[in-house]
Amino acid sequence: MTALDSLLALLLLLLAARCVSARSLLQAIVAFIVLGLLLALSWVRLEAPDLALAEAAIGAGLLGVLLLGTWRSLPLGHGNERIPLPWQGLRPALITTGCTVLAVLLTVALHQHPEQAAMSGLAALDQLDAAGVDQPVTAVLLNFRAYDTLLEMGVLLMALIGTLMLDSPLPRDTELPARTMLPATLAQLFLPLILLIGLYLVWAGAYSPGGAFQGGAVLAGAGVLLILTGFGEGDGRDGWVLRALLAGGALVFTLAGLLLIPVTGAFMAYPQGLVTPIMVLIEFSLALSIALSLLLLYTGTPGLRRRGER
Amino acid sequence: MTLLVLDAAAFMLLLLLGLGLIRVIAGPAGADRILAVQLSGTTTVGLLLLLAVRLEEPALIHAALLFVLFAALLALAFVRRAPPRGGDR
Amino acid sequence: MTGIEPLAVAAAGLMGIGLYGFCLCRHAVRRLLSINLFGNGVFLALILIARRLPDGPDPVPHAMVLTGIVIAVSATAFGLALVRRQARTRGDDET
Amino acid sequence: MTTFLACGLILAGVGFYLAGTVGLLRFPDVYSRLHALTKADNTGLGLLALGVALLAGSPRLALLIALVWLVAIIAASVACHLIAGYALQVGECGDEDDR
Chain A
1 MTALDSLLAL LLLLLAARCV SARSLLQAIV AFIVLGLLLA LSWVRLEAPD LALAEAAIGA
61 GLLGVLLLGT WRSLPLGHGN ERIPLPWQGL RPALITTGCT VLAVLLTVAL HQHPEQAAMS
121 GLAALDQLDA AGVDQPVTAV LLNFRAYDTL LEMGVLLMAL IGTLMLDSPL PRDTELPART
181 MLPATLAQLF LPLILLIGLY LVWAGAYSPG GAFQGGAVLA GAGVLLILTG FGEGDGRDGW
241 VLRALLAGGA LVFTLAGLLL IPVTGAFMAY PQGLVTPIMV LIEFSLALSI ALSLLLLYTG
301 TPGLRRRGER
Chain B
1001 MTLLVLDAAA FMLLLLLGLG LIRVIAGPAG ADRILAVQLS GTTTVGLLLL LAVRLEEPAL
1061 IHAALLFVLF AALLALAFVR RAPPRGGDR
Chain C
2001 MTGIEPLAVA AAGLMGIGLY GFCLCRHAVR RLLSINLFGN GVFLALILIA RRLPDGPDPV
2061 PHAMVLTGIV IAVSATAFGL ALVRRQARTR GDDET
Chain D
3001 MTTFLACGLI LAGVGFYLAG TVGLLRFPDV YSRLHALTKA DNTGLGLLAL GVALLAGSPR
3061 LALLIALVWL VAIIAASVAC HLIAGYALQV GECGDEDDR
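Chains as they are written, first to last, in the numbering used here: chain A, 1 to 310; chain B, 1001 to 1089; chain C, 2001 to 2095; chain D, 3001 to 3099.
Honestly, the hints are just simulated from the structure, not real lab data.
Honestly, I wouldn't trust all of these hints.
[What the hints assert, rightly or not] Stretch by stretch, here's where chain A covers chain C in the computed footprint (C-beta under 8 angstroms, at least three residues): (1) 2004 to 2018; (2) 2061 to 2068.
[To be verified] When the alpha-carbon atoms are kept at most 25 angstroms apart in a straight line, the in silico SDA-like pairs for lysine to any residue are as follows: (3) D:Lys3039 x B:Ile1022; (4) D:Lys3039 x D:Cys3007; (5) D:Lys3039 x A:Thr185; (6) D:Lys3039 x B:Gly1027.
C-beta: ideal position from N, C-alpha, C; glycine also.
In isolation and in its complexed conformation, chain A is listed as follows (with noise of 0.2 angstroms):
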């Protein structure tokens, strides 16, 4: 397994260097994309199936797609430069000297096996039981982190607002080079597969990998997927069904830590026999808003409407 990860840590490297050096903005793009696969097996081979779930969700579903979009969006030769490689000039090599040092010490650093590290998690882990859940990721994301969960809802809104007033959507598709039914048949059979094993990464986030993240990305996921067959695009306006979905996460969240603490006695705390349904809610209003901002955030429009429709 020793020769997986070398090699496994060669083509990163590799790829990471062809992602900064490449001469054409969607070579570096494609460079980021592959390496996002090998992230993946990396995370697997870290044994963190959770992040391995969440890259295959994000890194093929979302961020790749968005990044081609914007490159089309771009003008004729946008993004196209020459790096100046380490020994071209005084300032590439000092900032090489600096990088390197910085990586240098950085290896060392990592290799280093200090006393009583990570304590925080044997404490986490001590107070699993308290939990409402099994899987200790989603256990300490919900429990001992709700906090950064409900801020985390947060960024993602404020990412999301911040798009919106640039108003800068995306360019609409153009034609597929041949005319096809294929992609809609694609769509139509893989959409139900999507939306399942989506909904699904939520509900089993509880006792396996998995959680709202994941799963609002893989919802996320299949809103690009009906957006790139022709079924859907984005819409100029909005309405308030869909903001309601999209504050949903973030208010069921605050509000069921805050009505219930005339009974528990503390912020984000839940009454014993009532962990897992309120949890469950949580969890699924959550994915629902990760899942439209995402959508949106790949848009860049503040509302999404079937194609054609006005």
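Fit chains B, C and D to the given chain A structure using the hints.
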């Protein structure tokens, strides 16, 4: 013996993925690059299946399923653009 | 110490290469890619640190990295919207 | 016995991957490289999936693995159809992505 075969197969697949990257880098056309990305995607899926059994982690099969479900998205996003020659773009 | 951990080298290298790209690239999308490279290096390093716990991986860094991925994606999407807006504004100026 | 069969299938699958990669690297133009991808690669994944499913031990996981393969075939054929159409439209004008 099974573990040895699984490890060897996983290493071979990663090596092949690395070799396929030559096509990603060398091109020559955009279609070649995106084709090579598709191949690395399928290889990654194969690796995930292998590792799912090797590490006894069934969740990796879900990750593999996600990768194949979204595999066509990149190709779709790539071909949906105005042709570079001719036209007003 | 049990020899060199290859993925630790990859984590440090990703951070180094990301920083290099961020310093030397001029185009905004390339800088965004570089920041993402750097971020991925940080995530790898965090997960490597999480493995030091004797009994099973430490869930706290895992949760932090998951949060980090969400924030990286939303920040990148926002950055790409900025790039599109900038390109459009410049295009309007030229015509 | 099952283990031997599974190992054989996995190694055969890797062999098809090898053929696919060699084809991707050695074939002269985009259209023949498409062959390398769709044919060899999906057979490779199929054999590999069969071997892995034998080792998985539970029918649920085996079915899930079969689903992965089925989805992979559909996705790959659609993707290759699209890429072929694109290559045909653009023509093989070399580095058009350096625009």
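Structure-based check of each hint:
no.: 1; hint: 2004 to 2018; result: holds (count 15)
no.: 2; hint: 2061 to 2068; result: holds (count 7)
no.: 3; hint: D:Lys3039 x B:Ile1022; result: 20 angstroms, holds
no.: 4; hint: D:Lys3039 x D:Cys3007; result: 22 angstroms, holds
no.: 5; hint: D:Lys3039 x A:Thr185; result: 21 angstroms, holds
no.: 6; hint: D:Lys3039 x B:Gly1027; result: 21 angstroms, holds
Checked against the numbered hints above, the structure violates none of them.
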